[in-house]
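**Student:** Sequence:
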Amino acid sequence: MRTAEALHDVYQRLMAHFGPQHWWPGDSPFEIMVGAVLTQNTNWSNVEKAIANLKAAGLLTPAALAALSAEKLAELIRPAGYHNLKAARLKNLLALIAEQGGVEALLAQPTATLRELLLGVKGIGPETADSIVLYAAGRPVFVVDTYTHRILFRHGLISEDCDYFQMQDVFMTHLEEDVALFNEYHALIVRLGKEFCKKSKPRCEGCPLAELAA
DNA sequence: CCCCAGGCGTCCA
DNA sequence: TGGACGCATGGG
Numbered sequence: 134m135r136t137a138e139a140l141h142d143v144y145q146r147l148m149a150h151f152g153p154q155h156w157w158p159g160d161s162p163f164e165i166m167v168g169a170v171l172t173q174n175t176n177w178s179n180v181e182k183a184i185a186n187l188k189a190a191g192l193l194t195p196a197a198l199a200a201l202s203a204e205k206l207a208e209l210i211r212p213a214g215y216h217n218l219k220a221a222r223l224k225n226l227l228a229l230i231a232e233q234g235g236v237e238a239l240l241a242q243p244t245a246t247l248r249e250l251l252l253g254v255k256g257i258g259p260e261t262a263d264s265i266v267l268y269a270a271g272r273p274v275f276v277v278d279t280y281t282h283r284i285l286f287r288h289g290l291i292s293e294d295c296d297y298f299q300m301q302d303v304f305m306t307h308l309e310e311d312v313a314l315f316n317e318y319h320a321l322i323v324r325l326g327k328e329f330c331k332k333s334k335p336r337c338e339g340c341p342l343a344e345l346a347a
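All residue numbers for the first sequence refer to the numbering used here, where the first residue is 134 and numbers rise by one.
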């Protein structure tokens with residue numbers, strides 16, 4: 134109960150301070166899936182350049198990317214960093230999409246199945262899988278990231294060794310299962326992290342959650 | 001010059 | 001099982 138109140142309090146403060154974030158930035162489920170892979174440990178502005186390259190070349194479809202060599206794909210996504218690695222990861226994801234009969238068919242799988250299928254792809258871990266499940270498939274799964282850990286830890290809401298699934302469990306057992314809520318909450322956490330919870334600044338000047346610190 | 005970014009897989013004790 | 005390390009570009 135105590136935790137549930139704290140989590141709702143955090144959400145209210147973030148929403149009051151930043152307003153709706155309108156995630157995920159992207160025009161289609163497939164674009165969201167590609168972006169989810171490209172943004173791994175990478176600034177979103179770099180991902181935008183890579184996606185713009187794919188769009189400009191008319192290649193932002195599963196069929197077009199599947200027909201492209203890994204080398205050519207890597208060159209197009211170069212601005213997103215780790216381009217060789219991510220080209221291979223996108224190819225792995227494309228294989229799953231083809232195997233499942235397309236993006237629509239894949240995303241229509243039951244939530245638990247979809248999550249397992251995505252986690253079975255080499256290069257897709259918990260955050261990338263959950264981002265796709267929530268933002269591309271629209272299912273109520275809470276997405277956790279490094280900011281989530283840093284913010285919750287700094288405000289004394291979790292222990293330092295709390296792992297991905299434990300953090301996810303904290304949110305999902307104390308919040309109502311609501312896609313719109315999960316969507317905004319994770320996006321707001323990222324927004325807060327970027328502006329007020331940098332690794333290099335343990336003191337978060339002007340943080341809208343300042344009063345939470347006990 | 002430095003540090004950092006919306007992670008993940010591998011390796012090695 | 002868990003901690004280091006590689007992957008890489010672009011912005012502050």
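Derived from the structure by calculation, the hints contain no laboratory data.
Keep in mind that the hints are not guaranteed to be accurate.
[As the list claims (entries may be wrong)] Simulated pairs of lysine-lysine, DSSO-like, Cα-Cα distance not exceeding 30 Å:
1. K334 <-> K255
2. K182 <-> K327
3. K182 <-> K331
4. K327 <-> K255
**Student:** Indicate, hint by hint, whether the structure satisfies it.
**Tutor:** Each hint tested on the structure:
1. K334 <-> K255: violated (34 Å)
2. K182 <-> K327: holds (19 Å)
3. K182 <-> K331: Given that 30 Å is the threshold and the Cα spacing comes to 23 Å, the pair holds.
4. K327 <-> K255: Distance ~28 Å between K327 and K255 Cα, so the pair holds.
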